[in-house]
Amino acid sequence: MNTIEANSVVMKKLLIFTVVMFVFGFALVPFYEKICEVTGLNNLLQADTLAENPQVDTTRLVTVELDANIRGLPWQFKPLQSSLRVHPGELVEVMYEVRNNSDREINGQAIPSYSPQLLAKHLKKLECFCFSKQVLKPNETRRMPVQFVIESGLPTDVNTVTISYTFFELAGATAATSTPKGTQG
Amino acid sequence: MAAVHDHDVAHAHDHHPSGMMRWMMTTNHKDIGTMYLWFSFIMFLTGGVMALTIRAELFQPGLQIVNPEFFNQLTTMHGLIMIFGAIMPAFVGFANWQIPMMIGAPDMAFARMNNWSFWLLPPAALLLLSSFFVPGGAPAGGWTIYPPLSVQMGMGMDMAIFAIHIMGASSIMGSINIITTILNMRAPGMTLMKMPMFVWTWLITAYLLVLVMPVLAGAVTMLLTDRNFGTNFFNAAGGGDPVMFQHIFWFFGHPEVYIMILPAFGIVSEVIPTFARKPLFGYSSMVYATASIAILSCIVWAHHMFTAGMPVTGQLFFMYATMLIAVPTGVKVFNWTATMWRGSMTFETPMLFAIGFIFLFTLGGFSGVVCAIVPIDIQVQDTYYVIAHFHYVLVSGALFGIFSGAYYWLPKWTGHMYDETLGKWHFWLTMIFFNLTFFVQHFLGLAGMPRRIPDYALQFADFNMISSIGAFGFGLSQLLFLYIVLKCIRGGAKAPAKTWEGGKTLEWTLPSPAPYHTFETPPVVR
Amino acid sequence: MESNPRKATFWQIAKAVSWAFFGVRKKSDLDMDASMLTPKQVIIGGVVGALIFVMSLILLVKLVTN
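Going line by line, the protein sequences match chains A, B and C. The opening residue of the first sequence carries number 1 in UniProt numbering; numbering runs sequentially from there. The opening residue of the second sequence carries number 1 in UniProt numbering; numbering runs sequentially from there. The opening residue of the third sequence carries number 1 in UniProt numbering; numbering runs sequentially from there.
Be aware that one or more of the hints could be misleading.
Chain B residues, not near chain A, derived (Cβ > 12 Å throughout) [claimed, not checked]:
(1) R22
(2) W38
(3) T46
(4) I172
(5) S175
(6) I182
(7) V212
(8) N232
(9) P311
(10) L363
(11) T414
(12) E501
Facing chain A, from chain B, some residues (calculated, C-beta under 10 Å) [said to hold, decoys possible]:
(13) M185
(14) L192
(15) V243
Straight-line C-alpha distance at most 30 Å; calculated DSBU-like pairs for lysine-lysine [stated by the list, open to error]:
(16) B:K494 - B:K504
(17) C:K62 - B:K278
(18) B:K194 - C:K62
(19) B:K278 - B:K424
(20) A:K13 - B:K194
(21) B:K424 - B:K494
(22) B:K487 - B:K194
(23) C:K26 - B:K194
Because the hints were derived from the structure by calculation, they are not lab data. Even glycine gets a Cβ: it sits at the ideal position worked out from N, Cα and C.
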């Protein structure tokens with residue numbers, strides 16, 4: 001019958017459309033990551049670049065508090081100094097120390113967090129252990145540097161900032177197989 | 001829209017299995033519509049009991065009735081059940097009953113699939129509800145199932161994910177059916193622009209459903225693989241991003257709120273002209289506005305996540321887009337009001353619910369515009385102000401629309417008039433207790449009471465007590481509705497074919513109750 | 001509209017779509033739309049209209065934030 005044929009044509013089109021939208025849902029994942037990358041949001045795993053000749057603002061001192069946390073893995077993790085005072089624009093290096101207390105090899109990934117939130121805009125990290133995963137052998141201890149500049153554009157009412165890192169275990173990972181997925185949106 | 005139909009009542013082939021098997025095997029759109037409506041009413045009571053438990057706990061500060069974990073399960077399940085179990089199936093039930101009768105088609109386009117799409121729902125609902133009894137309990141991270149909570153939860157979450165998959169498949173099949181029926185099976189002479197408004201709104205709703213339901217299916221599938229197969233879509237520790245879930249979820253979620261309100265717009269657009277005895281003011285505007293709302297609803301999703309972390313350009317974009325969506329919605333409200341203007345109005349129960357709908361939905365719309373303003377939203381995010389807002393949209397919007405439609409078409413479905421006095425009682429009780437429950441929640445929200453908590457500070461005590469009293473009144477009033485419906489099914493004054501003097505659509509040309517098979521010979525629409 | 005080079009029709013789609021976004025349409029115009037526009041034209045017009053709408057909002061946002 002004519003209607004039946006016409007109906008099944010419409011149904012086929014709609015089914016294809018449904019499948020396309022299902023795939024679209026998954027396509028949103030790389031799309032989202034691309035948008036975050038293009039707009040420069042949330043690029044946690046890449047080093048920043050500095051402006052040509054950064055101006056050091058020697059008239060100002062900002063207190064930088066360093067914080068370290070672990071989530072769900074048998075490590076010890078701490079900064080070697082808990083706070084320091086820096087001039088905006090000045091290149092600083094701080095050291096963190098991490099120790100694997102267990103007798104197995106573990107992959108960890110550090111995720112940074114800043115307080116106040118707007119520090120994220122003005123903090124340029126040239127080197128950081130958080131740019132890649134850290135693989136620690138049983139009972140291994142490692143000292144890791146972070147090099148950063150707090151730009152002089154930091155609002156003048158901000159006098160104390162906190163840089164915090166949290167180590168997560170990379171799920172299901174043995175050292176050989178897993179790598180972080182790169183820049184994440 | 002007068003129609004000529006010749007309907008022979010005595011169908012030789014009118015024998016169908018009796019008892020339980022009739023309902024299991026039926027492919028008749030009216031049977032399936034009835035099952036959808038009963039299913040949704042049962043789910044409405046189930047979700048309602050959860051809501052009342054929540055309100056009982058919040059009657060006083062402190063923990064009295066449930067523990068916090070169970071409280072969170074209740075809020076989550078209340079949302080999921082009401083949205084996927086009550087509101088959406090109710091509208092599909094209306095579509096099943098009414099669309100073939102309103103466009104002069106003998107049945108839905110795919111009758112067998114129609115049966116299937118209904119019978120997916122009860123197992124899905126059972127799966128969802130039985131998550132209460134597994135270790136770790138039901139999902140407790142809110143109906144939006146945001147990671148990381150939804151990734152960390154027990155197996156109740158997996159059950160909920162599967163239930164959402166099944167219910168989503170059911171709605172997609174239902175939508176395909178509805179679209180095909182509307183596009184291909186209209187009576188001769190019924191052009192698209194002559195279709196009743198209810199049919200139009202459902203056509204657009206069905207398109208929205210096939211547009212966004214698969215995206216939700218994708219999102220929960222990612223959750224499932226994150227939970228069980230070691231993928232890292234949303235797992236921050238593995239390089240994923242929980243905020244991405246929020247984007248994908250609300251890409252589904254915002255059109256979803258229009259999926260739940262557009263069919264109610266359609267019902268109200270049928271009821272108001274009937275009881276104002278005037279054609280719908282600006283029919284074409286209504287069609288265009290509905291389409292416009294549907295398109296715009298796809299580009300405003302991130303207003304649900306202003307506080308999730310977003311550049312100010314993003315906030316402004318979504319704020320402007322959200323405020324602009326109020327324009328076509330406002331056009332609709334003006335059109336309904338203009339339809340009533342100088343009409344010879346009577347106030348039967350369907351009309352009361354329709355007017356209640358316009359009044360309260362407009363309030364909910366306004367608080368929506370308030371929430372759209374970024375600085376205010378940051379203040380009221382996750383407070384009772386938002387709860388009040390979306391209950392004004394979903395209860396006095398979608399649910400009042402459903403009640404209005406139920407009273408409007410009950411005589412056609414059952415062949416009996418419902419008890420008008422009791423119907424009015426139902427409306428006024430519902431109206432008063434609804435506002436008692438939810439209006440004060442605006443104040444609670446503005447004062448800073450957060451949502452999804454079982455306990456609260458003392459200064460919120462009075463309003464919470466009022467709200468809880470209102471909630472129990474509201475819940476009990478719905479038992480009156482059950483009584484009215486049962487009474488109407490069992491007997492009552494005989495309803496004439498044209499139950500309402502002002503009814504102009506095709507279903508009023510059929511006898512009441514509508515025979516098992518209708519429009520086997522298509523009517524001709526002038 | 002690409003497939004149809006006549007200028008009048010293009011403007012008609014544009015007009016129909018922009019009125020649709022506002023949500024208001026005169027009955028006489030609607031009858032004209034209904035008789036002259038095909039669903040395909042309306043859908044393409046609607047999607048293009050939505051894109052233009054999004055673009056203009058982005059432009060407005062850029063203007064405001066700069």
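Hints, verified against the model:
1. No Cβ of chain A approaches the Cβ of R22 of chain B within 12 Å, the least distance being about 25 Å, so the stated non-interface status holds.
2. Residue placement check: W38 of chain B keeps its beta carbon more than 12 Å from all beta carbons of chain A (closest about 27 Å).
3. No Cβ of chain A comes within 12 Å of the Cβ of T46 of chain B; the nearest lies about 29 Å off, and the non-interface call holds.
4. A Cβ of chain A approaches the Cβ of I172 of chain B within 12 Å, the least distance being about 6 Å, so the stated non-interface status is violated.
5. The claim that S175 of chain B lies off the interface is violated: its Cβ sits roughly 8 Å from the closest Cβ of chain A, which falls inside the 12 Å cut-off.
6. Consistency note on I182 of chain B: stated as away from chain A, yet its beta-carbon is not over 12 Å from all of that chain's, at 10 Å minimum.
7. In this structure V212 of chain B is not separated from chain A by more than 12 Å, as the shortest Cβ-Cβ distance comes to only about 7 Å.
8. The beta carbon of N232 of chain B sits about 7 Å from the closest Cβ of chain A, which is not more than 12 Å, so the claim that it is off the interface is violated.
9. Consistency note on P311 of chain B: stated as away from chain A, yet its beta-carbon is not over 12 Å from all of that chain's, at 7 Å minimum.
10. The non-interface label for L363 of chain B is consistent with chain A: the shortest C-beta to C-beta separation is roughly 34 Å, beyond 12 Å.
11. Once the 12 Å rule is applied to beta carbons, T414 of chain B is consistent with being away from chain A; the minimum gap is 30 Å.
12. Taking the minimum C-beta to C-beta distance to chain A, about 34 Å, the non-interface status of E501 of chain B holds against the 12 Å cut.
13. Below 10 Å, beta-carbon pairs count as interface contacts, and M185 of chain B has one with chain A at about 7 Å; its hint therefore holds.
14. Interface restraint check for L192 of chain B: the shortest CB-CB distance to chain A comes to about 14 Å, outside 10 Å, so the restraint is violated.
15. Interface hint at V243 of chain B: satisfied, since its Cβ lies 8 Å from the closest Cβ of chain A, which is below the 10 Å cut-off.
16. Pair hint K494 of chain B plus K504 of chain B holds up; C-alpha atoms about 20 Å apart against a cutoff of 30 Å.
17. Only pairs whose Cα atoms come within 30 Å are accepted, and K62 of chain C paired with K278 of chain B is rejected, the gap being roughly 47 Å.
18. Distance check on the hinted pair: K194 of chain B and K62 of chain C sit about 43 Å apart at the alpha-carbon level, beyond 30 Å; violated.
19. Taking the CA atoms of K278 of chain B and K424 of chain B, the gap is about 23 Å. The hint holds against a cut of 30 Å.
20. Among the hinted pairs, K13 of chain A with K194 of chain B is consistent with the structure: their alpha-carbon atoms are about 25 Å apart, no more than 30 Å.
21. Our distance criterion of 30 Å between C-alpha atoms is met by K424 of chain B and K494 of chain B, whose separation comes to about 19 Å.
22. For the given pair, K487 of chain B sits about 35 Å from K194 of chain B by alpha-carbon distance, which is inconsistent with the 30 Å threshold.
23. Taking the CA atoms of K26 of chain C and K194 of chain B, the gap is near 15 Å; set against the 30 Å cutoff, the hint holds.
The structure fails to meet hints 4, 5, 6, 7, 8, 9, 14, 17, 18 and 22 from the earlier list, while all remaining hints are met.
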